[in-house]
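There are 6 protein chains.
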Amino acid sequence: MQKVISFGEILMRLSPPGNLRFDQATSFNAVYGGGEFNAIASLANFGLKTEFVTAVPENALGDCVINTIRSVNVGCENILRQGDRLGLYFIEMGASVRSSNVIYDRAESSIAQIGTNNFDWAKIFKGATWFHWSGVTPAISQEAAGACLEAVKKASEMGLKISTDLNYRSKLWNYGKEPYDVMPELLQYSNVIIGDIDTARFMLKKDKIAPDYKNKDEVKQAFLELMEFLPNLDSIGMVFRESVNASHERIGGLLYNNNKLYSEKIRDVIPIVDRVGSGDAFMAGLLYGLLEFDENFQKTIEFATAACILKHSIFGDVNRVSKEEVINFIDNDGAAKVKR
Amino acid sequence: MQKVISFGEILMRLSPPGNLRFDQATSFNAVYGGGEFNAIASLANFGLKTEFVTAVPENALGDCVINTIRSVNVGCENILRQGDRLGLYFIEMGASVRSSNVIYDRAESSIAQIGTNNFDWAKIFKGATWFHWSGVTPAISQEAAGACLEAVKKASEMGLKISTDLNYRSKLWNYGKEPYDVMPELLQYSNVIIGDIDTARFMLKKDKIAPDYKNKDEVKQAFLELMEFLPNLDSIGMVFRESVNASHERIGGLLYNNNKLYSEKIRDVIPIVDRVGSGDAFMAGLLYGLLEFDENFQKTIEFATAACILKHSIFGDVNRVSKEEVINFIDNDGAAKVKR
Amino acid sequence: MQKVISFGEILMRLSPPGNLRFDQATSFNAVYGGGEFNAIASLANFGLKTEFVTAVPENALGDCVINTIRSVNVGCENILRQGDRLGLYFIEMGASVRSSNVIYDRAESSIAQIGTNNFDWAKIFKGATWFHWSGVTPAISQEAAGACLEAVKKASEMGLKISTDLNYRSKLWNYGKEPYDVMPELLQYSNVIIGDIDTARFMLKKDKIAPDYKNKDEVKQAFLELMEFLPNLDSIGMVFRESVNASHERIGGLLYNNNKLYSEKIRDVIPIVDRVGSGDAFMAGLLYGLLEFDENFQKTIEFATAACILKHSIFGDVNRVSKEEVINFIDNDGAAKVKR
Amino acid sequence: MQKVISFGEILMRLSPPGNLRFDQATSFNAVYGGGEFNAIASLANFGLKTEFVTAVPENALGDCVINTIRSVNVGCENILRQGDRLGLYFIEMGASVRSSNVIYDRAESSIAQIGTNNFDWAKIFKGATWFHWSGVTPAISQEAAGACLEAVKKASEMGLKISTDLNYRSKLWNYGKEPYDVMPELLQYSNVIIGDIDTARFMLKKDKIAPDYKNKDEVKQAFLELMEFLPNLDSIGMVFRESVNASHERIGGLLYNNNKLYSEKIRDVIPIVDRVGSGDAFMAGLLYGLLEFDENFQKTIEFATAACILKHSIFGDVNRVSKEEVINFIDNDGAAKVKR
Amino acid sequence: MQKVISFGEILMRLSPPGNLRFDQATSFNAVYGGGEFNAIASLANFGLKTEFVTAVPENALGDCVINTIRSVNVGCENILRQGDRLGLYFIEMGASVRSSNVIYDRAESSIAQIGTNNFDWAKIFKGATWFHWSGVTPAISQEAAGACLEAVKKASEMGLKISTDLNYRSKLWNYGKEPYDVMPELLQYSNVIIGDIDTARFMLKKDKIAPDYKNKDEVKQAFLELMEFLPNLDSIGMVFRESVNASHERIGGLLYNNNKLYSEKIRDVIPIVDRVGSGDAFMAGLLYGLLEFDENFQKTIEFATAACILKHSIFGDVNRVSKEEVINFIDNDGAAKVKR
Amino acid sequence: MQKVISFGEILMRLSPPGNLRFDQATSFNAVYGGGEFNAIASLANFGLKTEFVTAVPENALGDCVINTIRSVNVGCENILRQGDRLGLYFIEMGASVRSSNVIYDRAESSIAQIGTNNFDWAKIFKGATWFHWSGVTPAISQEAAGACLEAVKKASEMGLKISTDLNYRSKLWNYGKEPYDVMPELLQYSNVIIGDIDTARFMLKKDKIAPDYKNKDEVKQAFLELMEFLPNLDSIGMVFRESVNASHERIGGLLYNNNKLYSEKIRDVIPIVDRVGSGDAFMAGLLYGLLEFDENFQKTIEFATAACILKHSIFGDVNRVSKEEVINFIDNDGAAKVKR
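Protein chains in written order, with the numbering used here: chain A, 1400 to 1739; chain B, 1400 to 1739; chain C, 1400 to 1739; chain D, 1400 to 1739; chain E, 1400 to 1739; chain F, 1400 to 1739.
It is worth saying that the hints were derived from the structure and are not from the lab.
Careful, some of the hints might be misleading.
The list treats identical chains as interchangeable, and a pair is accepted whether it falls inside one copy or across any two copies.
What the hints assert, rightly or not - Under the rule of at most 30 angstroms between Cα atoms (straight-line distance), these lysine-lysine pairs were calculated in the DSS-like manner:
hint : residue 1 : residue 2
1    : Lys1570   : Lys1659
2    : Lys1615   : Lys1448
3    : Lys1552   : Lys1448
4    : Lys1552   : Lys1522
5    : Lys1525   : Lys1604
6    : Lys1607   : Lys1576
7    : Lys1664   : Lys1613
8    : Lys1722   : Lys1570
9    : Lys1664   : Lys1570
10   : Lys1525   : Lys1448
11   : Lys1402   : Lys1525
12   : Lys1553   : Lys1605
Start from the sequences and build out the full structure, keeping to the hints where you can.
As structure tokens, then:
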């Protein structure tokens, strides 16, 4: 059985109830999530064996994170308890014509302060077949980037496949390095990435090309070029996302593999309950397909896109749907009848 | 003045708040409802004299049911207090692309355990003009089916008109009988039914015909054929319902009477607050029209369809709208302006 | 720096949570608002210096009103504490096909009982450049209409510009006067009004003309005619609003100035969080543009319409958006992406 | 079987959640209650046949009142729908050292505006054995006092027993009459009253005597004197209440009948959930005992005092306890073990 | 390291918010718990390795139970997914003078329907050192009693120590057996029991002796006698509990071992947040002491009593306190200062 | 009229609802407070003119702080908008035998990062008569301590009286300085301090003396000694606080002035709603008395102690009571009757 390991940060997310603005809130709903965790938790929901590696402070909020990891059936045997604070962020949920707003408060968090050699990667990867990380982690701090490099080297050495969600967040890169200083070395080890073409190019210090995603040949050509920069890369996935407004998106998906481009049609998603984590849900769907669908890449991109769409209907960061629910969605082409 | 009696089960319905999934809920909203009660409560809201007959346990939850019946001005003078438990069900409310899920927990409820001759139907029907029941009740248990038969026989004998919502729920028929073993005898007494054509045919042990509901002649022919099997039948009503997703339906209505087919146009209903009980709201609208609109069948199907549509905007099982609100909806063709 | 004064009533608004009907509510959400206050609070959010003049009772609810005024950075130095009760209203929020319902309970409120010469308008207007009032206030009582007249006379004498939201509420005019008995004198002093053409005509005791708002020449002609009745009038603004249902409106805007008609396109607003106060948000946007956009009337009507649309996404009466958010909305033509 | 009629006002009560102060509340919990209704609803809970007579406006809030009456199994066949507004009051619940605060907003309510001969008392009292009213009603308005007088005269004429809760609220008597102008005539018809000695004396325009309630002889003498002023009076009941703080009271009870004084010991009640309506709960307990306990006055005062104490543990105005629960409380002397 | 296994049922517990009565509740708070699980979860909180064995249905509510087990770090590798329903119960939380009320709805639950040989006890007990069960399980059904017997035999054979909470619930024993038909055989294997003397005697079919718990000699003598009936028994623990009212208890503890009686003083516990599971918390404290405190029985009874007391301050069934918090409570003798 | 200025940090406080533990919370209640702000807001409630000086980030959470300051009628004209984050803390509210727990997360907050000369103290103090600060601020960072020193020097120079709450929080002093390195210089300027004797001695680097607070002579002697170290000191106030458990404290007060010791008796406070900020409430009461009670020191300590006690009944950090409510508490010696 496949076992997937992931590494990254879990944040407390605080959001005003319903559609209230920050200055109307007398309480905040709290969930715990983060890109890499969201992906791995979704894989656990699909039935895979998983484990999450992170660092949290030795206090009750750190305990809350670990309870959360446990409750979704993700392994938590290799979590560091250190550092002074849990990273957190505030999000004001948008509605129709009003945007969501995010205020990050994650500086100096436990994971930003991990030093070298804190994780015993050889022990962590024992028995595992896949390692997943994202571009958020090397953006956090020099130390976090260093831990990423240790991890991908050891994973590669031990024969695990490696996937990466590029996830560029400009605000995070503020310890004196740019993504193109750090990511190219890290991405050498990746077998699968998700992200759009220009984000990948930026991280590899290539010019923007602003591809027309409706032109399949152009897109294939652009993906092909990316493959050339990254020798171990097999597959590139990408969510096609158009934001009509805060309650309405249009979502499709692309998967490039072995010089073929697979795509899933674009669907309207309306109304949106919570779009946070929908990219991570896509990532999990993609990994699940690559791991379990015997190189059926068309089925894989359909599954990944459906998983991404379903996430929009679920409160919180994690895609709380089973494999059966994703397949049921595909089989009914999204018509959501009462199950009774 | 018309007095309508109904008989059936009331369940406690437990649903996670808002759009939460079952495993995110730390509380459940509770309402009390059931197909037959929902219909009769809606008739009470329209201003008719009504009474509901059921059995509930002799405990505080049974009291809650009775308070609920009373609070919506439905009579509750003939309710049995017996049995060990109140039937209940859990519903996770879907949102946009995600379906609602129902978990029934109604086995061994008070009404499933009623014996023979527990209800004094002659007393119950005294002064009443109409009796309404649904296909859910005979599905619950042999005893419940027996009570139904006692009721329809006595109602018929005492000259009441009888209506039936076919309401086929396959999971409930598990006491060794199939609907076609039980329903044909019961339906002989019905003057009005609602349900789609193939459900009716299945209950009468006829082949499926999968009619094209957009072909009026075909539909009329199919209804005509049903009339032939059920000698007392005057009218057949049916909700036309297309589920776009969990937040969006398309609703219209059909009424067949005396070889004429009356229909109300299809409207988009978006967003949906709560679709549970919308069929019961249609039933109530239909009965109200048949009782009060002097054989104006077109007005009747318009009223029933509008009532059904309005129910989608109301939390809980019961259609909490007045006759005036239904008429106002029709008059404004659904444009819902602030009333002030 | 501009300083805007407004005068009117603030009510406690009580609404059942979410989409519940009045008879389902075991609690009511409470906010404090009123047309004139909503407009002035929105101007404060845009960064102008403001003050609100009203009367509230000398009890804890009066204190709540004053805390509310203060918390949105509106001045409250000239508020009378008198009278027995705070006006209030109940609103049941509609959803999709179901209308919102309003029950007013504002009779005999503090402001309805103010006498003559209670406000020292010369002191209030000192240092101010603009005075805003609405047609609600003279509708409340003879005394309130008298205070309005004192205010507009003094404001005019002291050289302030004056704006008026016509805001006709038929239910309020019940102290023996009709709008056309009172409003013509009051409106003589107005430099800016908002309201539709037939409302203005009715208040001026002119015949209804039911203009076709899609015919620009016809509309211009109608506005021109209005200008003739009101010698000080410079500008007329109007929200174009079409209610598809309680969750969906179509909103555009018109501004007439110096014989030119400026308009902003119609946009779909779906879903609606809370439409109360959206006209006041338009008023505030219009005033802000007139005060700050150097006679750029096209920019003004775009700003006013965008402010009005954004209000629909915000719970409560007041448009809690900044100038930057309105501009951002215009720049992105309403596509509400997550800000992070 | 006994049937008890009561007459008075039902108010909407709005209270901030938990222990919040008015200026911290963003919502208010809503219940519907009033002294006379609270008493009658409690009697219905004890199993008696009851009916409540009042006036409420013809709007959705009036409907809420009627649903409330119905849901507790009190008859509502003779309620007037008239007038503009439902009376309401705001209450900030105290906690430990902080007092509860009440803001009344009941002026010009439906019941304050009832005219003469609006109620058909002969029809209302048909089949009834007891009539209950309180000193709140004649305090509301001249019209309400007039209706009270009509009621007691007719009740007396038709042979009903009459009980009165003196309930002096100084703030309400503001239509130009004092209690001693109105109450003496009304009280002539009373068979039972509850209230303390000096309240009764004040209403009868006698001097205060400030009795020492621990001196039984003094108290008996004082009660005896009261009997002399009121020829039909049989019994006088009184709650002995000492407020330690907002979460802690000490409650006992006294009943005077036929020159004998019966008392129930004083118990500590801590913590208090909601003390509103505890006097009405005492009243109901007293009436129940007088009606059902075969002149066992000691049992009656024990039952009334226990009912009063239990009310302190129940949110809302109405004492939602059964007869069995009151008796169980007495039998266990207040030790509240889990029932399972 | 010690590993403790437990076996029993987990129920969904539904309780009205705060102090509301059942008929006031529009929602129910939901937690998952049961005597044996509460004890084992508390041991996991104290830091021991644990596992819980049970049966839950193959639906979303069964998933919720398993998530709950996981989230508190209890093993769940040997849980059966079978049967139609999750047992549940409703509890109305008492307050001060009003009792809590429980309505059980656990008939025909998954665990009541387990057959023979469904659990592989040899595999389950591998590596474990202790097995804990309670008298609730054999009361549920013949099958559940049979599974208990299989378990204790295998546990004993494999050298595990066995503890039992007697937990007599008369309402559950309704499958034709009495406790004294079933428990004596089961208890032969127990090394530790908790329960009061007369409950133990009843289960062993001995006469009641109603011991005076303040007389140490009498109590010792009674415990000694119990030891004689149960050859493997080492220790007997007992909570001393006096219910002043629903918000106030007086709690102490007794532990009998090797003819010595250890006791912890009685403390007032006021106010009580939630007393459900406090006996299980005592059980867990006792086991923890017996496992970890090197035969320091005085320290053990102090720890168990403190754990029991602390549970009263925690919402839900499980004692969510750490070992450090229990010790801190003892060290400060219950004075709960803010930790900052 | 007196105008009081204060300077310090405002934190967002996040607490699980009711009595839930951190790991049970799915939401957190949010209020904004801090020792110095709590004191000044309480003074504003008592009717004094006040202003608060602080630094908050230029984001929506900073806006929330400013709205909070405004809403309680405290001036906010001199607040810096700078720095990356708002300090925050999490508090789990204890109940009965369980302690409250605090997790601070205030490192690197806006105020910790203020530089030198950022505040124009001369402008700030213009027209003011009193400056209040606490020992928390110099503990935050070198910069914050520097700003304190600037402030007290300028305040002293401009003739303001200065008060200080010693408020020793050991966890905060971690920038390389100890309180006795910093506080002695700062305290030279104080006219009034509150704090217990050994805290003061520690900050002045004197030995602990552990005075017996029940021995008045010993206490007077100890206060006298403190006066000698601080030449400008006039008065020392102190809350006498004994924590029985998390729901029960015993509170009294001491005030030393001009070699006289004034005291207020100790009262039981039970149950406690929220004890956070009760020391600040005492501080505010003390200042109010010193400013307004014409050297009536006995009245001052009674007022301060009563204010402190009342705070325990109010949710949130700020003592939301008026001067009249404090006096009413004193006049009734704490018996909290309903006000109506």
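**Message:** If you test the structure against every hint from before, which numbers come out violated?
**Reply:** 1, 2, 5, 9
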